Structures are given as structure tokens and as C-alpha cells.
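K.L.:
The chain contents come next:
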Amino acid sequence: MALYSEKVMDHFRNPRNIGCMEEADGIGEAGNMKCGDIMKIYLKIENDIIEDVKFETFGCASAIASSSMATELIKGKPVAQALELTNQAVAEALEGLPPVKMHCSVLAEEAIKLAILDYYKKNDIPYAKEQFPDCENCSHCSHHGH
Amino acid sequence: MKIYADNAATTKMSKRAIDAMLPFMGTLYGNASSLHTDGQRAAEALLSARERIAGRLGCEPSEIIFTSGGSEADTQALMSAAALGERHNKKHIISTTFEHHAILHTLEALEKRGFEVTLLPVGESGIVSVEQVEAAIRPDTCLVTIMYANNEIGTIQPVADIGRLCREKGVLFHTDSVQAVGHLAIDVKEQCIDMLSLSAHKFHGPKGIGALYVRKGIQPVSVIYGGGQERGKRAGTENIPAIMAMAEALDEICENMEEKAARLSEMRDRLIRGLNRIPHGVLNGDALRRLPGNVSFCFEGVEGEALLLYLDDKGISASSGSACTSGSLDPSHVLLALGRPHEIAHGSLRLSLGEEITREEVDYMIDTVTEVVEKLRSMSPVWRDLQSGNRAYMTEA
Numbered sequence: 009m010a011l012y013s014e015k016v017m018d019h020f021r022n023p024r025n026i027g028c029m030e031e032a033d034g035i036g037e038a039g040n041m042k043c044g045d046i047m048k049i050y051l052k053i054e055n056d057i058i059e060d061v062k063f064e065t066f067g068c069a070s071a072i073a074s075s076s077m078a079t080e081l082i083k084g085k086p087v088a089q090a091l092e093l094t095n096q097a098v099a100e101a102l103e104g105l106p107p108v109k110m111h112c113s114v115l116a117e118e119a120i121k122l123a124i125l126d127y128y129k130k131n132d133i134p135y136a137k138e139q140f141p142d143c144e145n146c147s148h149c150s151h152h153g154h
Numbered sequence: 069m070k071i072y073a074d075n076a077a078t079t080k081m082s083k084r085a086i087d088a089m090l091p092f093m094g095t096l097y098g099n100a101s102s103l104h105t106d107g108q109r110a111a112e113a114l115l116s117a118r119e120r121i122a123g124r125l126g127c128e129p130s131e132i133i134f135t136s137g138g139s140e141a142d143t144q145a146l147m148s149a150a151a152l153g154e155r156h157n158k159k160h161i162i163s164t165t166f167e168h169h170a171i172l173h174t175l176e177a178l179e180k181r182g183f184e185v186t187l188l189p190v191g192e193s194g195i196v197s198v199e200q201v202e203a204a205i206r207p208d209t210c211l212v213t214i215m216y217a218n219n220e221i222g223t224i225q226p227v228a229d230i231g232r233l234c235r236e237k238g239v240l241f242h243t244d245s246v247q248a249v250g251h252l253a254i255d256v257k258e259q260c261i262d263m264l265s266l267s268a269h270k271f272h273g274p275k276g277i278g279a280l281y282v283r284k285g286i287q288p289v290s291v292i293y294g295g296g297q298e299r300g301k302r303a304g305t306e307n308i309p310a311i312m313a314m315a316e317a318l319d320e321i322c323e324n325m326e327e328k329a330a331r332l333s334e335m336r337d338r339l340i341r342g343l344n345r346i347p348h349g350v351l352n353g354d355a356l357r358r359l360p361g362n363v364s365f366c367f368e369g370v371e372g373e374a375l376l377l378y379l380d381d382k383g384i385s386a387s388s389g390s391a392c393t394s395g396s397l398d399p400s401h402v403l404l405a406l407g408r409p410h411e412i413a414h415g416s417l418r419l420s421l422g423e424e425i426t427r428e429e430v431d432y433m434i435d436t437v438t439e440v441v442e443k444l445r446s447m448s449p450v451w452r453d454l455q456s457g458n459r460a461y462m463t464e465a
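Protein chains in written order, with our numbering: chain E, 9 to 154; chain B, 69 to 465.
Hints in this document: simulated from the structure, not taken from any laboratory. In this text the structure is predicted, and so the values were computed from the model without any measurement. All C-beta atoms in this analysis are idealised placements derived from N, C-alpha and C, irrespective of residue type, glycine included. One or more hints might be untrue.
[Unchecked claim] Which chain E residues face chain B? A few, computed with CB under 10 Å, are given here: (1) Leu11; (2) Gly44; (3) Ala71; (4) Val108; (5) Met110.
[Unchecked claim] Sample of chain E residues with no beta-carbon within 12 Å of chain B, all distances over it, derived: (6) Asn55; (7) Ile57; (8) Thr65; (9) Gly84; (10) Glu92; (11) Asn95; (12) Leu125; (13) Lys130; (14) Asp132; (15) Pro134; (16) Lys137; (17) Pro141.
Working from the sequences, and respecting the hints, build out all of it.
P.N.:
Written out as C-alpha cells, the structure reads:
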């Protein structure tokens, strides 16, 4: 059995929406160096629609594939819908991730939420705090179960 | 191009080893313990293999115990020394922080049995000094176990000096030589080695076979119970096909060893020079006192698993000590033992070359690794931060 699904390898080999964005409307970064994965998401938002999205990832093949897939899933969608994206949806779209790599999909979800939070904050848009990861008290490394 | 550069993980069996194996699976399949002619032929073959292997190590045939591989040999060596130690109320063992897990995990088991273990640090060079060992020896030390050459970074330990020191102090000395046998000159008598582990698949022999040398006068304990094979020291019908192949593979690799090592070292140094041109990368371990085929680097701003999967796509089989490849939270204990911070250890790459590597293949690896590191850096937010000064580099340009 191969380490990863065909879909993961496809997104790893040909990542979609890779790069950074000048003057992004929202930027989110999740993960940390100690664990070895960092994802950064850049959003371009117009009329509450995610017009464009870019990502940069430091991490393993599943981290790169998860961020690539996540950007595809939210591109062109209303912000509220992007906020609903779950890590399971990312993993399913990738035709599954090995159990030890599920945290990569969690990071993708978190990075997107943090980018949207950044957008809300920059534009003084009211938001429900519980919809976002608690980055003040992040214990990412201890619970993501590498 | 297809290049297998993971020879420290395992090697391809040589044709000579395969040919040596086949008759003992086909026509000469007797059990060496049987009294009939078929059995006695097998017993003769077993004895001849034992003699050949002993000859390559500089020991007596009766000092060789065949095992299922390196891990079993390591376990038996440590358990034997521990049993002797317990008898004399000596329950202190000295080793290093960067041993193979076959050693480290056996030591953990012995700690639970009441042993005290001192793990010596190896520093950035990846080489322990004889002075460190001397300073750690206590009246209750029963064993010093230090690997001959490290499996990840290839650094070679001063085994003969440590052996002489231990002999002088009356302490047993074991060396896990799984990476060294067939690649470095070994003479257990001259180097004052009391016990030595080896594994055939690291030198073009088959998997699942290895040996433990135990100096005459040291009583080994069994870790596998059953029949009286191997003079009662290792139960189980001898795997004669694999043993014959191991003897042949060892003979083959030891022929012209110095010439082969010189050529391979030249290829290794060419690869190191080429990879040193990649900015913000660092060679792991001493540049010269390392196995002839081992190249180990860390590159800032990239992650090892992604690196090796892209290399795989380009036909290069390599390995990495990143956390993502180990299935644990931490990167390799060897890289951490060198003092590499997590940030850098995640970007590790090991290329372990085979004897047949060519200059063209080395150049292809240099170009490909350079290209893949650049590609991964171009998509890495960490690299962007390093370049823009938002994060401090940990290595030199």
C-alpha cells in the first residue's frame, strides 16, 4: 500500500494556489516550527466572497496537500461557508490521510479560520469568538498526535 | 536516472550472495542437527561459514553466535553483560545518546531491572572521546557499549582506544558494528572488542541474519529459548541459506576493502562539496571521520519528508530523520544529540551511497537536491521569514 492516496500525491506534486499575496485582505498562520509544520493562508475577499486564495507551507507531503486542497475548497465561496470548512472535509477530499497525518488537515482548517479572523478584525466585522481556534492558549504540539 | 542512496537502511543482495544461498534452499536443505548425510552436509557448510566470518573479524569460529540480525545481537550482548554484572553487583552501563534503538531500548529495559545507565553526549562532531568514557567509568560499571559508526550520520567512534581503555579497567566492551562491518577494517583482538554485533543486509547479504561475536571466557545468555543450537546460546534451527549468503557477502565486500573505501570516500566528498553550495545547509557530523558512503545534511526552511518524496519522484531513494518520517513528535534522536535544534533537524536528508555509485550519479544528486530544496523553499513561509529577517538563520550562508 502506498504511503498516501493518489489525491494527496497529486496535490503534493502539483500544489494549487501556491504563493503569497501582496495586500491580502486576511492572513492566517497555523502550526509551529518545533513540530515541523507551518501553514500560511492569504485571502482576497470582495463582497464577502473569497475571490482568491494563496498558501505557503513548510511541512511534509500531507501538509502541503492539505493546504492545497483546502484552498481549492474555499476558493470562490462566501466567507461564511469557508468558515464552515472542517478538517474532515479536507481529509475526505484528499481520499483520506494516514491517522498520524490527520493533524495536517487540522492545521489547514485553522490557518483558514485565522485568515478569516484577520479579515474580520481588519474590517471591524463582528464575529463569534468560539468559531475560531484559541491561539492565545494554543497547545498544538501536545495534542495533534504526530 | 534511478539511484538507490539508502544503503544505510538496507542494501541490494549481491549476485554472489544469492548464488551462495540457493543450493541450501534447493538440494542441500538438511538440518544441521540431523545425523544423516543431508544433515551433516549442512553442518559442514555451517562450520565453514562460521570459519569464514570469524576470519574476517579476527576471532575464533567458536566465538560467533548466529542471530536473526543486528537487533537480536545487540539485545543478547547487553543482556549477557547485564547478567554477568548482576552476579558481581555491578549494575552501571555506559553508552551514548545516539545509539541505535536496539541499544537504547534494551538499556531502558535494563534500567527497569535496576541498572543505572550513563549516556555520554556526542557533541556536534558526532564522536565520543575516550576521555569521556574514562571519566564515566565507575567501580560498578559492568559494560561500555558504543557503536562503531552511527547509522544516521555515519560518524566513526574511536573503538580501538575505547576497547583498550575498557580492557585496562576490566570493563566489558560491546560495539554495535552493524554499519561498520564490511566498510571499515575490524580486528576484534587488536581493537580489544569483547562483543560485536553485525547484520548481513547492510553489506549486500540477506535480511533476517546477523551475528554476535562474544570473546571466549564471556558467558552469553540466551534471549531465545529452545533447542541447543549455537552451543546452547541461541535456540532455533540455523538459517543456513542466509548464513551461507552472509559469509559470501562478507568475503566479497572485504575484498579490496581499502580501495573500495577510498573510491567511495571520493564520491562522498564530491557530494558533500556539491551540497555545501546550497545556502543555509549544514553537514551533520565530522566531515572526515565518517563512513565512506554517508552524507547527512540539514537544510533550513524545508521539511525532510517532503524533500525525500520529491527526490523519490526524481528517481532518488533517500531517507530523513524528520519527525514526519519517524512517526513521532520529535525529529531523530541522533540529530538532537548533535545539538541540532528541532527547526533544523526537521530538514534532514541522508544519502548513503553504494559501492557502485558513479560520478554522474553524484552530480545528478547534487543538481536534484539543490533544485528540490529551492522548490520547497519557494513555497515555505519559514524560508520567506528567514529571508525577510523576520526569523533568524541558524546556519551559515
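K.L.:
Give a verdict on every hint.
P.N.:
Going down the list of hints, with the structure as the test:
1. Leu11: Cβ of Leu11/E sits 8 Å from chain B, so the hint holds.
2. Gly44: Interface hint status for Gly44/E: holds (4 Å vs cutoff 10 Å).
3. Ala71: holds (7 Å)
4. Val108: holds (6 Å)
5. Met110: Constraint on Met110/E not satisfied, violated at 13 Å.
6. Asn55: For Asn55/E, whose nearest Cβ neighbour in chain B is about 28 Å away, the distance exceeds 12 Å, so it holds.
7. Ile57: holds (25 Å)
8. Thr65: Contrary to the label, Thr65/E does not stay out of reach of chain B, its closest Cβ about 6 Å off (not over 12 Å).
9. Gly84: holds (22 Å)
10. Glu92: holds (25 Å)
11. Asn95: holds (17 Å)
12. Leu125: About 17 Å separates Leu125/E from the closest Cβ of chain B, which puts it past 12 Å; holds.
13. Lys130: holds (19 Å)
14. Asp132: Nearest chain B Cβ is 26 Å from Asp132/E, so the label holds.
15. Pro134: For Pro134/E, whose nearest Cβ neighbour in chain B is about 29 Å away, the distance exceeds 12 Å, so it holds.
16. Lys137: holds (25 Å)
17. Pro141: holds (17 Å)
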